[in-house]
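Undergrad: Residue numbers (our numbering), protein chains in the order written: chain A, 1 to 396; chain B, 1 to 642.
Because the hints were derived from the structure by calculation, they are not lab data.
A quick note: this is a predicted structure, and the numbers were derived from the prediction, not measured.
C-beta atoms are modelled at their ideal positions from N, C-alpha and C, and glycine is treated no differently.
Please note that the accuracy of each hint is not assured.
[Unchecked claim] Stretches of chain A that chain B covers, calculated by requiring three or more beta carbons in the stretch to come under 8 angstroms of a beta carbon on chain B:
(1) 64-76
(2) 273-285
(3) 302-309
(4) 323-335
Each chain is listed here by its residues.
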Amino acid sequence: MTLAHGVTMLPTFMPVATQAAIKGLTAQQMESLGVSLILNNTYHLNLRPGLDVLNAAGGAHRFQGWNRNLLTDSGGFQLVSLSKFTTITEEGALFASPFTGEPTMLTPEESINIQHAIGADIIMQLDDVVSSLTVGPRVEEAMHRSIRWLDRCIDFHQKSGKSDSQNLFAIVQGGLDPKLRDQCLEEMISRKDRVAGYAIGGLSGGEEKDVFWRIIKQCAERLPEDRPRYSMGIGFAEDLMVCVALGVDMADCVFPTRTARFGVALTHKGPLNLKLSKHAKDLRPIDEDCPCPTCTSKMSRAMLNHVVTHETAAAHALTLHNVVFQAQVMGRAREAIIAGTFPDYLKSFFRDYFGEAGYPEWCVNALRTVGVDLLDGISVPVIPGNAAKWEYADGP
Amino acid sequence: MGSISSETVDSSQAGSSRPKSTFEFTISSPELSSSSKFGPRLGHVSLTRRDTADASGKATSRIDIQTPGVLTNTSRGVIPHLSRDNYPSHSALKWMNVPFESFLEHNPPVPTLQVGEQPLHAFLGFQGQNHILSMIARDPNEAKEMPVNQNHVVSVSTLRGVRKLSPDEWRTYALQLHPDLIFALADTPFTNPPYSQKRLMKSIDRSAAWIGRLFNPPPAGAPASKAKNANPKTATSTAATPSSPATNTTTPPQPTTPSQPLPPIIAPLIGSTSPRAREAYAHALLEHHIPGPDLDQIRPYTFIDQGLAGYSVDLAVLRCDLSAAAASTSASPAVTQGDTGTDADANAATFNTLLRASLAPLPSEKPRIVFGARSPHEILKLVRDTGVDLFDAAWVVEMGTKGVALDFAFPVRGACANSDRTTGAGKRPIGHNLYATEYAMDFAALGAASGFVGAGDGVAGSPPADREVCTCIACSPRVHDGDRQLIRHGFDSDVWISPGGVGAEDLGVEGSGRQGLEELEKEVEVYRPPHTRAYVHHLLHTHEMGAHAFLVSHNIAVLEAFLRGVRGVLSRIGGGDVTPTSTPTAFEEEVEKFLRVYERPGALLGEAEKSWREVDLARGKGRLAREREKGDHVGLADDLEV
Numbered sequence: 001m002t003l004a005h006g007v008t009m010l011p012t013f014m015p016v017a018t019q020a021a022i023k024g025l026t027a028q029q030m031e032s033l034g035v036s037l038i039l040n041n042t043y044h045l046n047l048r049p050g051l052d053v054l055n056a057a058g059g060a061h062r063f064q065g066w067n068r069n070l071l072t073d074s075g076g077f078q079l080v081s082l083s084k085f086t087t088i089t090e091e092g093a094l095f096a097s098p099f100t101g102e103p104t105m106l107t108p109e110e111s112i113n114i115q116h117a118i119g120a121d122i123i124m125q126l127d128d129v130v131s132s133l134t135v136g137p138r139v140e141e142a143m144h145r146s147i148r149w150l151d152r153c154i155d156f157h158q159k160s161g162k163s164d165s166q167n168l169f170a171i172v173q174g175g176l177d178p179k180l181r182d183q184c185l186e187e188m189i190s191r192k193d194r195v196a197g198y199a200i201g202g203l204s205g206g207e208e209k210d211v212f213w214r215i216i217k218q219c220a221e222r223l224p225e226d227r228p229r230y231s232m233g234i235g236f237a238e239d240l241m242v243c244v245a246l247g248v249d250m251a252d253c254v255f256p257t258r259t260a261r262f263g264v265a266l267t268h269k270g271p272l273n274l275k276l277s278k279h280a281k282d283l284r285p286i287d288e289d290c291p292c293p294t295c296t297s298k299m300s301r302a303m304l305n306h307v308v309t310h311e312t313a314a315a316h317a318l319t320l321h322n323v324v325f326q327a328q329v330m331g332r333a334r335e336a337i338i339a340g341t342f343p344d345y346l347k348s349f350f351r352d353y354f355g356e357a358g359y360p361e362w363c364v365n366a367l368r369t370v371g372v373d374l375l376d377g378i379s380v381p382v383i384p385g386n387a388a389k390w391e392y393a394d395g396p
Numbered sequence: 001m002g003s004i005s006s007e008t009v010d011s012s013q014a015g016s017s018r019p020k021s022t023f024e025f026t027i028s029s030p031e032l033s034s035s036s037k038f039g040p041r042l043g044h045v046s047l048t049r050r051d052t053a054d055a056s057g058k059a060t061s062r063i064d065i066q067t068p069g070v071l072t073n074t075s076r077g078v079i080p081h082l083s084r085d086n087y088p089s090h091s092a093l094k095w096m097n098v099p100f101e102s103f104l105e106h107n108p109p110v111p112t113l114q115v116g117e118q119p120l121h122a123f124l125g126f127q128g129q130n131h132i133l134s135m136i137a138r139d140p141n142e143a144k145e146m147p148v149n150q151n152h153v154v155s156v157s158t159l160r161g162v163r164k165l166s167p168d169e170w171r172t173y174a175l176q177l178h179p180d181l182i183f184a185l186a187d188t189p190f191t192n193p194p195y196s197q198k199r200l201m202k203s204i205d206r207s208a209a210w211i212g213r214l215f216n217p218p219p220a221g222a223p224a225s226k227a228k229n230a231n232p233k234t235a236t237s238t239a240a241t242p243s244s245p246a247t248n249t250t251t252p253p254q255p256t257t258p259s260q261p262l263p264p265i266i267a268p269l270i271g272s273t274s275p276r277a278r279e280a281y282a283h284a285l286l287e288h289h290i291p292g293p294d295l296d297q298i299r300p301y302t303f304i305d306q307g308l309a310g311y312s313v314d315l316a317v318l319r320c321d322l323s324a325a326a327a328s329t330s331a332s333p334a335v336t337q338g339d340t341g342t343d344a345d346a347n348a349a350t351f352n353t354l355l356r357a358s359l360a361p362l363p364s365e366k367p368r369i370v371f372g373a374r375s376p377h378e379i380l381k382l383v384r385d386t387g388v389d390l391f392d393a394a395w396v397v398e399m400g401t402k403g404v405a406l407d408f409a410f411p412v413r414g415a416c417a418n419s420d421r422t423t424g425a426g427k428r429p430i431g432h433n434l435y436a437t438e439y440a441m442d443f444a445a446l447g448a449a450s451g452f453v454g455a456g457d458g459v460a461g462s463p464p465a466d467r468e469v470c471t472c473i474a475c476s477p478r479v480h481d482g483d484r485q486l487i488r489h490g491f492d493s494d495v496w497i498s499p500g501g502v503g504a505e506d507l508g509v510e511g512s513g514r515q516g517l518e519e520l521e522k523e524v525e526v527y528r529p530p531h532t533r534a535y536v537h538h539l540l541h542t543h544e545m546g547a548h549a550f551l552v553s554h555n556i557a558v559l560e561a562f563l564r565g566v567r568g569v570l571s572r573i574g575g576g577d578v579t580p581t582s583t584p585t586a587f588e589e590e591v592e593k594f595l596r597v598y599e600r601p602g603a604l605l606g607e608a609e610k611s612w613r614e615v616d617l618a619r620g621k622g623r624l625a626r627e628r629e630k631g632d633h634v635g636l637a638d639d640l641e642v
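Same shape as in the complex, but just chain B:
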């Protein structure tokens, strides 16, 4: 149905309009969504980067993400539980979304001190040629109560307390840090839902005005915004004088010209649980006269949506607001944070209604991002019923943090070993609470029940149809014997002869010289057998952090494989090579089958959380003090290392 693109212009080269990077979203399966604006759709996001150091402008790198696809949120700037050296092992880690609020603990935020072409990439250790980085003010999965937002500031949460962030500051940080995309600030209240119509109307006005503020800062000499008066903390100690604009800046004021150096902007779609409010906000983005900012502010555009590269919706806050709304109108707790039973069905239907209210007035060719989906079930429904393009991975990271190894695939693969573990309702669980004692002697790979094997399991070349290689660091541990990257320490042995793995000599290259060895190393990667459920069970019970590294890595890989499966089924329908088994309803059928076969994760996560808490209490921080209190020294011995 076409594509949209947004460009970031290199502001450092005055007079040059050469785009520094281009963000594009293309829907490749128009026929899928022709019947409805909200049918499932295939597409891809691409970011093309030109090397500005290369004078010819020919050196480019391009990052492609097929959709429906995944993006990953960072926590304090890191992917939870994964160290940087493990990032390259994860093909799913292409788009990282960076909640910026934790960096507001310092003023100015420390990443803004970083110099270079891509300061945010450099500070966080991501590579421009491999990673798309977006900046978002708040963690989209955090819905806890917060102080009120004001006309010109949003309240954000840091470890040192609440900070205020103004749209002008947000713009400044984006200009300094060169992320590939930014999410606009939105006035989402986290105070006391449900919210009145008046409050929602105020949200709409403010959010629209704040996007306008991103397009164009206030002209120099304009009165200081209320932000400064409202909260002295936001004022910088350095540049700002009492009469200067509130947003401090180490960057000179940007001219109000069409060639904006700001990265492409994604707008969070707001309006809480009111379809009318959500619709009203969508209209505000399309109107030529918007209530908040004056029209000058959105130049060069005639309405806000022209300046937007995509949309996002936060389900975490919606869940919160829905449950408050339900509690205020009836006694039944209709909506839960979890994902259980009929409540979840009600949730899914409500989400669909609310998302459609937001998206219906807006152009359909821009990417739709949903934060806070919490199960494959929700993801499938949002793809099928709402045409969502990108999902965040926060829920699979949380699963890994709580000790769950995910084990599901789309389309459903035939019963494999261990699929006899079924839940009470006779359904298959989507994963394993590896704290459970039944895994102590289970030497299967983490995702064996749904057909995941390791790259070292001997089927890597052409796995049978009911098998798929899981590329995570748990299932496919890469052998480093003879690795050129291997760190050498002074005088070192050149070979580690390993009976299990394959060393350089075993590959028959001993006499072929360094050149041959290097070529071979490039081509051959050798893997050990997968780390087992029993090992991760052991690590969980001994409170070892490595357990979570394995689980997060694995869970992200399973989510990516799941979405790859979704794309696979969708492409069979719309790709032109329609096979006899593929009908336009094949995707719907596979979705129904998945929903029928797999249990929702509510109970699984609940059990894992309980075990996690028990082990954490027995072994986590403050354990010694707790045991001293109890006067109980038996059991203390278990975890101490000496």
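One chain only, chain A, in its complex shape:
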């Protein structure tokens, strides 16, 4: 994928820099980690520092000293998730300003306008977001409104003259209902000539994993081959693997960076919770083979245990590691896809990551639909439900 600030190879994972910074790290550190695409949140940047500052700085790239690719969301998701006062009208989202409490309207045009000021390489349409657990007519209404808002976003974007440097993505809605998703896909795909890519929205909100992957598969199968597909809010390694297998190109999530601040290092053999006293005397690095600055400096689990949650430098060390871990997982996937060995990569990934602990049933099922049988030639338990792997104090 070639954007105004360079090339980003797909599939990729995008670390989240909500407030124009990956928590604790400088833009230069992110560069050194080989990351070429990060995400800023429009809602947050619009509140702080605000458009005046961003305009004066010459856009978000300059403001944060980041010279590579940048994606901004539309701000719609945060309006709904962070403010209980938000009311959705056909005009836009009406919400109480967090500073003054005054009613403020975020329209599709205004969202794009803000994203133009921020200057991200990829910008997202404003969509009508409902929780993935919502049922009933509201879901259908939101889907149709998202299509109408997409048209308004496209119009505004094309008239602005920014469509050369900034790429507008549509967001497929429709909740967990395959029929609604199909309708939404139909409509949005018909606008393909005027959108640069597609996101799959309205997921990762606590729905059953078994439903989640079916929606992803349905969307990825229908979305055009020549447009990137972006699955919003996906960050667990097994979720990424399944999504990539189903045809997803991009994903973002705060999970790897947030969990780092709570003392958890992600590894190819599952997460390590470094706060646990069992790591207190372990002089091994997190992962001998990891190319991240934390592991190459041989920072031991014992040293990390000594500083996690006490020193910000520990959060930095783990954030560096987790960002590299996510990039490695995706980079290895790219390598395997090109070599034609992706099914083998999936099998070895699950074998290393879950091993004896057992594979999530939904992953096994999802990958079977694309011709990969994780259980082929290996005997491991299959765990129903979410089955994400975590390290607890009394764990193995």
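Got chain A; can you put chain B on it based on the hints?
TA: Quick look at chain B alone, frame taken from chain A:
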């Protein structure tokens, strides 16, 4: 005036007396201090390390620190707010002083489990060829009340409560961890100042005895020290049997021979606020008969000072004791922890008196380290009036933690952009409280008011006299495009074409092959424009940790540049190439000018602390619970990431 050196002998190679490392301090400007033992002085600290793996003994590395210079304290073993990958960007990070008390949360302390030539370096991620590490028992800037020390143990503070540390244990840890230097344990009371003469005399006896204990452990079979009986917590669960010496050890008892494997020792100079007590302690270090230990213990030396590589003074505890003394004798709060107005002048004069009392009897060719100076003003006076050689950076780290970007230079540079920000008294502030709303739209570099620019600002080659490149990660962000160190992830793009930065193709090396590219990368470092005050202001208000990484990095660089400036002016006087403008009083004149132009940081830090607290309360740990209590959901939205 000469130099002193101390050697660490490799204990692992029995029979070999080849020194493993040599610590030297050389004063290079004798004429500066000829008039007085306490005049300003130029010098350098050097540590020469021989690679013990190299049989010829020729492979060496040498670390030099020019003095007056800076050393940096770690907190729980890390430099606050900086990650390891950023250490190499800081030329000021050459001597790290490691308070060890936090590691006493575990027994044995976890770093002692590390193997290798330099276990402490390895555990903390510092490089032997670049970094001098010293071990100190307690954080020298911590002066809070503590339980009493005892005859054979000092009370230290950990997150899991107070622990007791004996001189024998301290010696064992030093032997296991191979730091480049250690600070001797000292009996500094943190109980209820001011202290009686009797208490101070006891401090002197104990501290002297504890240094003796470092030189030589008790002979095997000697009665267990009181430490063990006093506090069972210090006993190790493994090696010690009821009849064995209290200090546990995984190392066999060291023979009492002249070739001690202990690193060079720095002695904290004690005596609280009493000049007489401070003088008495200095004499105790020089006497052939010391009250505490028996004479055997200090062999091979005939008096303690022979075994010392330098001296240190803790101002934090002095401030505490002085303010207690003032409160007990008069109603006026004469001494404050901060650094404000006339109080600060009184402080400086008192510090000078007390430090001179400690140092006067002692040889002047050993390095003098001061912990706890809190402003450039204090540092200048301690250089000018007391001849101090090394200062710690704790105060600039604290400034960065509280949101202050330092912006001062020595000698004072002419008025630059933004110097119109003056304080009430018409003086220039030494930095900026970047929480203040006036910085929201300020796109200048952090240190622009005193002439600091970024390496990417186009003046790097030969900046004009009123400009200086600040090498910190905020002012000089290094471009990583095309960097060989850049991490690759599986199948990756080889080039990032960046309009703002310079990529490999732009440098015209595309066709010249890998060799050419590597050579070029070694030579050319490309920098982006500095991160701005507005950006750091934004990060502070959004409670982003990156703000403090930028500020600590910047502040350490400013402190280093300041001391470089001090050395520059001093060398003009004493270096032999005396120019017409340089008179022996040039340094004094520049100091006076600095004191006249720059406001002390007391008020600045106070404001920043207030803003820091407000933002922390609004956004820091426990914020959600606090907001639930208030039932106030407006404002909650601002900081959540989803």
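Undergrad: It remains to establish, for every hint, whether it holds in the given structure.
TA: Hints and how they fare:
no.: 1; hint: 64-76; verdict: holds (count 4)
no.: 2; hint: 273-285; verdict: holds (count 3)
no.: 3; hint: 302-309; verdict: holds (count 4)
no.: 4; hint: 323-335; verdict: holds (count 9)
Checked against the numbered hints given earlier, the structure satisfies every one of them.
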